[in-house]
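Sequence order for the protein chains is A and B.
Going by the working numbering, the residue at position 270 of the first sequence is 270; the numbering climbs one at a time, nothing skipped.
Going by the working numbering, the residue at position 303 of the second sequence is 303; the numbering climbs one at a time, nothing skipped.
It is possible that some hints are incorrect.
Distance condition first, Cα-Cα at most 30 angstroms in a straight line; then the derived DSS-like pairs of lysine-lysine [unchecked claim]:
1) K103(A) <-> K31(A)
2) K248(B) <-> K238(A)
3) K180(A) <-> K248(B)
4) K238(A) <-> K31(A)
5) K40(A) <-> K284(A)
6) K31(A) <-> K262(A)
7) K177(A) <-> K259(B)
8) K36(A) <-> K62(A)
9) K103(A) <-> K40(A)
10) K259(B) <-> K180(A)
11) K267(B) <-> K217(A)
12) K138(B) <-> K238(A)
13) K284(A) <-> K248(B)
14) K393(A) <-> K259(B)
15) K267(B) <-> K177(A)
16) K262(A) <-> K238(A)
17) K177(A) <-> K393(A)
18) K177(A) <-> K40(A)
19) K10(A) <-> K40(A)
20) K33(A) <-> K103(A)
21) K33(A) <-> K393(A)
22) K267(B) <-> K393(A)
A few chain B residues that don't get close to chain A, going by computed Cβ distances all over 12 angstroms [what the hints assert, rightly or not]:
23) R9
24) T37
25) A45
26) H103
27) H131
28) T172
29) D191
30) N195
31) G219
32) A220
33) L271
34) H327
35) G329
36) L338
37) D354
38) Y357
In case anyone wonders, no lab produced these hints; they're calculated from the structure.
Note that CB positions come from ideal geometry on N, CA and C, so glycine has one too.
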Amino acid sequence: MDLNYTDDQKAFRDEVRAFLADHLPQRLSDKVKGGKRLTKADYEEWHAILNAKGWLGVTWPKEHDGTGWDAVERHIFEEETTAAGAPRIVPFGLNMLGPVLMKFGSDAQKDHYLPRILNGDDWWCQGYSEPGAGSDLASLRCEAVRDGEHYIVNGQKTWTTLGQYANKIFCLVRTSKEGKPQQGISFLLIDMDSPGIEVRPIVLIDGEAEVNEVWFKDVRVPVENLVGEENAGWTYAKYLLTHERTNIAGVGFARAGLSALKRIAGEQMQGGQPLIANPFFAAKVAQVEIDLMAMATTNLRTIAAAAAGQAPGAESSMLKIKGTVIRQEINALTRQAVGPYAAPFVSEILDEGSNAEPVGPEAAMPATQAYFNNRKLSIYGGSNEVQRQIISKAILEL
Amino acid sequence: MNFQLTEERQMLQDGLRRYLSDTVTPEAIAAATDGATGLDAELWAGLTEMGVPGAMFTEEQGGFGGAGFDLMVVFEELGRAGAPVPLIESAVLAGGILAEVGHMDLVEEIIGGRIIGFAHGEPASRYDLAHVQTRAEKTDAGWHLTGAKAVVQHAPATDTVIVSARTGGDVTDQDGISLFLVPTAELHMRDYPLNGGGRAAEITLDTVVPDSAVLGETGAAYPLIAAANARATAAQCAEALGLMETIKHLTVDYLRQRKQFGQPIGKFQALQHRMADVLIEIEQARSAVINLCGHLDTDDCDMHVSATKNLIGRAARLVVEESIQMHGGIGMTQEYALGHFAKRLTMVDHRFGDADYHLERFIRLAAA
Chain A
1 MDLNYTDDQK
11 AFRDEVRAFL
21 ADHLPQRLSD
31 KVKGGKRLTK
41 ADYEEWHAIL
51 NAKGWLGVTW
61 PKEHDGTGWD
71 AVERHIFEEE
81 TTAAGAPRIV
91 PFGLNMLGPV
101 LMKFGSDAQK
111 DHYLPRILNG
121 DDWWCQGYSE
131 PGAGSDLASL
141 RCEAVRDGEH
151 YIVNGQKTWT
161 TLGQYANKIF
171 CLVRTSKEGK
181 PQQGISFLLI
191 DMDSPGIEVR
201 PIVLIDGEAE
211 VNEVWFKDVR
221 VPVENLVGEE
231 NAGWTYAKYL
241 LTHERTNIAG
251 VGFARAGLSA
261 LKRIAGEQMQ
271 GGQPLIANPF
281 FAAKVAQVEI
291 DLMAMATTNL
301 RTIAAAAAGQ
311 APGAESSMLK
321 IKGTVIRQEI
331 NALTRQAVGP
341 YAAPFVSEIL
351 DEGSNAEPVG
361 PEAAMPATQA
371 YFNNRKLSIY
381 GGSNEVQRQI
391 ISKAILEL
Chain B
1 MNFQLTEERQ
11 MLQDGLRRYL
21 SDTVTPEAIA
31 AATDGATGLD
41 AELWAGLTEM
51 GVPGAMFTEE
61 QGGFGGAGFD
71 LMVVFEELGR
81 AGAPVPLIES
91 AVLAGGILAE
101 VGHMDLVEEI
111 IGGRIIGFAH
121 GEPASRYDLA
131 HVQTRAEKTD
141 AGWHLTGAKA
151 VVQHAPATDT
161 VIVSARTGGD
171 VTDQDGISLF
181 LVPTAELHMR
191 DYPLNGGGRA
201 AEITLDTVVP
211 DSAVLGETGA
221 AYPLIAAANA
231 RATAAQCAEA
241 LGLMETIKHL
251 TVDYLRQRKQ
261 FGQPIGKFQA
271 LQHRMADVLI
281 EIEQARSAVI
291 NLCGHLDTDD
301 CDMHVSATKN
311 LIGRAARLVV
321 EESIQMHGGI
331 GMTQEYALGH
341 FAKRLTMVDH
351 RFGDADYHLE
361 RFIRLAAA
């Protein structure tokens with residue numbers, strides 16, 4: 001048992017730190033740390049910087065111009081970039097579709113799409129959930145009917161994150177109603193500018209249009225855009241979900257959130273002393289920090305197992321639950337910390353270059369918005385209820 | 001022992017519930033919040049016509065209520081409807097103080113629908129009622145007020161505001177605080193919308209008011225402020241209860257309607273048990289509000305204020321988080337009704353002291 005990184009891993013960490021110090025634009029890290037809105041161009045800028053270094057395909061093997069990093073290196077990279085306030089890597093093309101194409105796509109699909117993902121030629125979004133198919137994803141109804149050399153797609157997807165920026169969508173569609181619901185699902189790649197596609201923004205409770213509805217009316221999709229075999233899409237979808245769940249613990253986000261919480265609670269005065277010195281508040285901060293310390297090690301245990309070649313299993317469900325609960329508690333404490341100034345909501349403050357002065361402490365409004373926005377953490381990517389179900393079946397065998 | 005409402009209060013509750021469910025819509029709330037004053041003028045006129053501001057005052061004061069349970073009935077219904085109206089500010093806070101110092105002409109106008117604001121909290125005061133940095137200096141013309149007031153709810157809808165300022169003592173002393181009646185036009189306001197609806201303003205003061213603007217005795221306003229604040233806290237706790245009731249109905253309906261895995265999700269035992277816990281906490285919240293409203297005019301009032309505000313703060317977080325979680329994605333959207341109620345309920349813990357503040361205060365009061 002040795003809890004420390006090896007010398008090679010420490011050297012790698014230093015290399016990542018040096019790279020961030022030299023190449024992460026302060027304009028971007030200021031926005032991330034200040035809770036400001038990131039634009040499409042912001043994400044693209046950061047992707048391009050990483051790609052120039054060869055570090056954009058974090059989870060990709062070297063043969064596809066990825067980093068070839070193992071689980072520990074990926075973890076170090078995630079930890080360092082989050083701590084530095086780098087924008088997150090938009091996961092849809094890089095962490096979701098990319099691995100699916102590598103494993104199940106045709107050579108033509110790999111050759112065409114993978115470089116375009118790295119170069120930022122395509123912005124992918126995810127067409128999984130539907131209004132009637134959330135936790136019960138296999139009940140999806142968006143339909144693709146074969147017509148010669150095309151599929152005709154009709155139906156609706158929802159919760160499509162950043163779909164407003166995307167020129168491509170990967171979709172789970174129903175190609176058969178025979179057998180179990182899981183058996184008639186296919187995995188299709190669709191151009192967002194195809195006739196018959198309509199994107200409607202959904203405004204969330206924090207006031208942001210982060211997700212969308214995507215409607216398909218008689219959308220024609222060439223059959224070569226089918227990934228793998230028809231009616232085998234559920235297998236690919238499950239494979240994708242295991243990749244979606246890498247970094248599911250969100251340790252880096254939690255650490256960044258905790259240090260922001262301590263800073264904010266150190267600046268807020270209550271009863272003549274900083275709030276962080278108030279024993280009632282300090283106890284709650286300590287409690288969540290203690291939980292985070294343990295969870296970070298649970299995460300490392302899983303990562304070490306993965307680096308040793310074990311496939312991630314139901315452990316990721318534990319990390320999803322504990323990781324999201326911890327981050328949500330940090331969000332709740334940060335909201336509590338800003339006191340009466342949690343209430344004002346002046347949307348334009350979140351825009352870069354806005355002349356609007358913050359109302360009260362600058363951290364106040366982003367704290368409230370983050371609290372509301374991050375209620376999603378325990379809902380998306382398989383709700384925490386679904387994760388508990390997985391644990392009770394796969395680990396407890398109940 | 002009797003937990004039934006009196007016939008008059010029952011009628012008020014029934015009438016209000018009918019009126020508010022016919023009148024308050026998400027569109028009307030959004031329009032008021034985005035408007036210049038933050039006020040739904042039609043709704044306010046309707047409530048005034050029904051005598052709602054009058055229910056905040058005793059017959060002696062020109063009203064027809066004024067007891068804790070009158071506040072409870074009215075604010076629970078306002079909470080059920082999710083309606084942001086300036087009733088706490090104008091009738092409970094400003095009106096309560098004006099009645100206490102004998103400004104019955106203004107009380108009569110408040111009962112008639114006039115909106116007077118209350119500017120007390122400051123950028124650095126957090127929840128400490130005695131923390132007043134705003135200064136009032138005596139001049140030949142009267143009093144020169146300088147300072148800043150924070151998150152003054154419904155200020156843009158007022159024509160006059162009661163402002164607290166220090167005429168003596170140190171920043172956190174209870175002694176030395178005075179109250180002044182200041183025309184809104186004399187204030188510099190920066191107004192903005194609030195999470196959960198309505199508008200508020202940051203106020204900067206640099207104005208001279210005449211001697212006649214002083215309310216009550218100079219330097220002795222703290223007990224007036226504390227008493228009005230206790231009643232306002234009771235009103236806000238009752239409003240929170242109403243918000244919880246609506247959230248409960250929305251969530252139970254959703255558990256019955258939403259089908260996944262071939263059945264309504266309300267058939268899953270995991271969700272049934274959690275919803276049962278939510279129900280228990282809402283009933284706890286109701287009892288806490290009854291405790292507070294029943295003790296508003298007693299010596300135990302302060303302890304009940306802190307007990308109730310603490311419990312409401314804890315219950316509110318549970319109700320908000322569980323209701324969003326059990327709804328799933330739809331509960332995260334601005335368009336669906338839950339979002340507004342969840343945000344409004346969340347903001348309850350950011351006014352008049354949060355759950356921790358009142359836990360600490362309860363411990364202090366209980367030990368005394």
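Status of the hints after comparison with the structure:
no., hint, in the structure
1, K103(A) <-> K31(A), "violated (36 angstroms)"
2, K248(B) <-> K238(A), "violated (35 angstroms)"
3, K180(A) <-> K248(B), "violated (35 angstroms)"
4, K238(A) <-> K31(A), "violated (34 angstroms)"
5, K40(A) <-> K284(A), "violated (37 angstroms)"
6, K31(A) <-> K262(A), "holds (19 angstroms)"
7, K177(A) <-> K259(B), "holds (19 angstroms)"
8, K36(A) <-> K62(A), "violated (34 angstroms)"
9, K103(A) <-> K40(A), "holds (29 angstroms)"
10, K259(B) <-> K180(A), "holds (18 angstroms)"
11, K267(B) <-> K217(A), "violated (34 angstroms)"
12, K138(B) <-> K238(A), "violated (75 angstroms)"
13, K284(A) <-> K248(B), "holds (28 angstroms)"
14, K393(A) <-> K259(B), "holds (22 angstroms)"
15, K267(B) <-> K177(A), "holds (26 angstroms)"
16, K262(A) <-> K238(A), "violated (38 angstroms)"
17, K177(A) <-> K393(A), "holds (27 angstroms)"
18, K177(A) <-> K40(A), "violated (38 angstroms)"
19, K10(A) <-> K40(A), "violated (33 angstroms)"
20, K33(A) <-> K103(A), "violated (36 angstroms)"
21, K33(A) <-> K393(A), "violated (39 angstroms)"
22, K267(B) <-> K393(A), "holds (19 angstroms)"
23, R9, "holds (30 angstroms)"
24, T37, "holds (16 angstroms)"
25, A45, "holds (26 angstroms)"
26, H103, "holds (27 angstroms)"
27, H131, "violated (9 angstroms)"
28, T172, "violated (7 angstroms)"
29, D191, "violated (10 angstroms)"
30, N195, "violated (5 angstroms)"
31, G219, "holds (22 angstroms)"
32, A220, "holds (23 angstroms)"
33, L271, "violated (7 angstroms)"
34, H327, "violated (9 angstroms)"
35, G329, "violated (5 angstroms)"
36, L338, "violated (8 angstroms)"
37, D354, "violated (6 angstroms)"
38, Y357, "violated (7 angstroms)"
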